[in-house]
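Guided by the hints, dock chain L onto chain Y, whose structure is given.
What follows is each chain in one-letter form.
2 protein chains.
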Amino acid sequence: MATETLSQEEIGLRMMGLQDHISAGLENLDGKAAFSTDPWQRPGGGGGRSRIITNGALLEKGGVMFSAVHGPVTERMARMLDLPGTTFYATGVSVVLHPLSPHMPIMHMNVRYFELEGGTWWFGGGIDLTPHYVVPEQAAWFHHQIKAVCNKTDPAYYPRFKTWADDYFYIKHRQETRGIGGIFYDRLGPAEGKTKEDFWALAERIGHLFVDVYTHFAGLNRHLPYGQTEVNWQRLRRGRYTEFNLVYDAGTKFGLETDGRTESILVSLPPLASWEYNNIPEPTSKEAQTLGYLRKGIDWLIPAFC
Amino acid sequence: MATETLSQEEIGLRMMGLQDHISAGLENLDGKAAFSTDPWQRPGGGGGRSRIITNGALLEKGGVMFSAVHGPVTERMARMLDLPGTTFYATGVSVVLHPLSPHMPIMHMNVRYFELEGGTWWFGGGIDLTPHYVVPEQAAWFHHQIKAVCNKTDPAYYPRFKTWADDYFYIKHRQETRGIGGIFYDRLGPAEGKTKEDFWALAERIGHLFVDVYTHFAGLNRHLPYGQTEVNWQRLRRGRYTEFNLVYDAGTKFGLETDGRTESILVSLPPLASWEYNNIPEPTSKEAQTLGYLRKGIDWLIPAFC
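From first to last, the protein sequence lines are chains Y and L.
Residue numbering for the first sequence follows our numbering, starting at -17 and increasing by one per position.
Residue numbering for the second sequence follows our numbering, starting at -17 and increasing by one per position.
Just so you know, the hints here were simulated from the structure itself, not pulled from any lab data.
Among the hints, a few may not be true.
If chains are identical, the list can't say which one is meant, so a pair holds when it fits in one copy or spans any two.
In silico lysine-lysine, DSS-like type, Cα no more than 27 Å apart, as pairs [as the list claims (entries may be wrong)]:
hint, residue 1, residue 2
1, Lys235, Lys278
2, Lys235, Lys154
3, Lys176, Lys134
4, Lys268, Lys278
5, Lys154, Lys268
6, Lys154, Lys129
Chain Y on its own, in the form it takes in the complex:
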């Protein structure tokens, strides 16, 4: 293996650059609203830079969050990580977009780097799509894009990370996946036979893909007409998104339990969500069709979807 020359500070700086790339791309795409920047400091060490966009032409609410934090490993942190350590360094970029139009998908991306004093380090990440209405051709296109990005690092990664995402983005109490999935990976380190530069390249490609994918979907869907029926369904789907994030999401749980910055962690929650008792769409409706696609193990790369 090559000598590791990539320092934690350098990875942090690159993460910050990735935040710049993503927020600039999304602001340009929105065309109406601008991101506001909210820098913050962590009492225990480090801090972050939250970028928020609201009431845009495309984005009702979106966050592109950067953080680089460090400090002593608390007892609770050690228990949650199931690892010993004296001090840690963690940096990453997280994005969640809640579009105004129900025909645009909710989209999420996260790339992160973690290091413990003593040399243990790993990368994690993921990108996944939650359409309010699943369009199979668009879901298939999305999976082809992430497969192509994974292949540049390792051809074994897409199938492995796609299954990981199916298992991770799963709302057990609803027996529904959060959306049509994507990729998810965690704790990839030297045992993978790859360098930090390799993992950084993967993270950066995922970050760039995020903007490209959302731009592509905006071109297809942003001007499609919709009415109150679609808005009501969007709010119910946002309710499910909220359930996933508050009940299952490991990053949210870890953040809240280790006294992370609440406002930055919960920026993923939607601008307006609803819950109705026992809402069951008509069997042949487009809402019921969407529910049919929210299952684990769908192979979006088979020709039927393309």
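Same frame as chain Y, but now just chain L:
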């Protein structure tokens, strides 16, 4: 101690009667919408009767839920209860109301009975108030009512259960209580030196108080005028309510993790909730005043509040 003559079946029937009393009282109070009844069966044994009201004159969404379930104690259940057991019986009534008007409070109540084969049994319960806008006189009145109800069973109960509620209904990551509290108790059994009839009497009084309290607040607040500012604040407070229920509420967690009936468990979630990044009310606003009251340890019985 007196011989226990109250069977689990009898307690289940009384719970069902309590559901009838509460739903009839609330329907009468609403004056426009009626409850719909949704009976359901639990695959493992037992079932329940969900009563839902929506789009009422007073209640935008409300649930009065009864269940009486039994069956083998699963491994997960034993772990969550931290108790061994072969079979269990559980019955209870839960109520959550989300009013249309931001001047009416969200209100919750739960009374429950649990029994394990072999003779272990306990009662639990609680009643608490979550005003969108805290009116100190009304909060004080509420606490006086629940103290009076507790005193009929044991004068030591109000202070003990009030503190328990402060600790239980707490949103740690916001450093806010859910509302102005009330009472909460759990696992009260023979060690309290009381009979099942004693605990049932407490449960029934709490159930009856629920209707009386909501009727009282409706008389005071239901016709107060409000605009978009108050509605927006109400949606944010409902967001906090959602955070509490999905992240901390023990009943919700237990239900979801033991494959309870999702629709009945999550009926507590609001009809429309919102999240804004870093919403901080103006220092002298009525919204900021409300936040000032969402703290543990406030003694609502001191003369200043009455």
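Hint check:
Taking the closest pair of Cα atoms, lysine 235 and lysine 278 come within 27 Å of each other both inside a single copy (23 Å) and across two copies (23 Å). Taking the closest pair of Cα atoms, lysine 235 and lysine 154 come within 27 Å of each other both inside a single copy (16 Å) and across two copies (12 Å). Taking the shortest Cα distances, lysine 176 and lysine 134 sit within 27 Å of each other inside one copy (13 Å), while across copies they are farther apart (70 Å). For the homomeric pair lysine 268 and lysine 278, the shortest alpha-carbon distance inside one copy (19 Å) is at most 27 Å, but the shortest distance between copies (47 Å) is not.
In the homo-oligomer, the alpha carbons of lysine 154 and lysine 268 lie at most 27 Å apart inside one protomer (23 Å), although the nearest pairing across protomers, at 40 Å, exceeds that limit. Taking CA atoms no more than 27 Å apart as the test, lysine 154 paired with lysine 129 passes inside one copy only; the shortest distance there is 26 Å, against 40 Å between copies.
Checked against the numbered hints above, the structure violates none of them.
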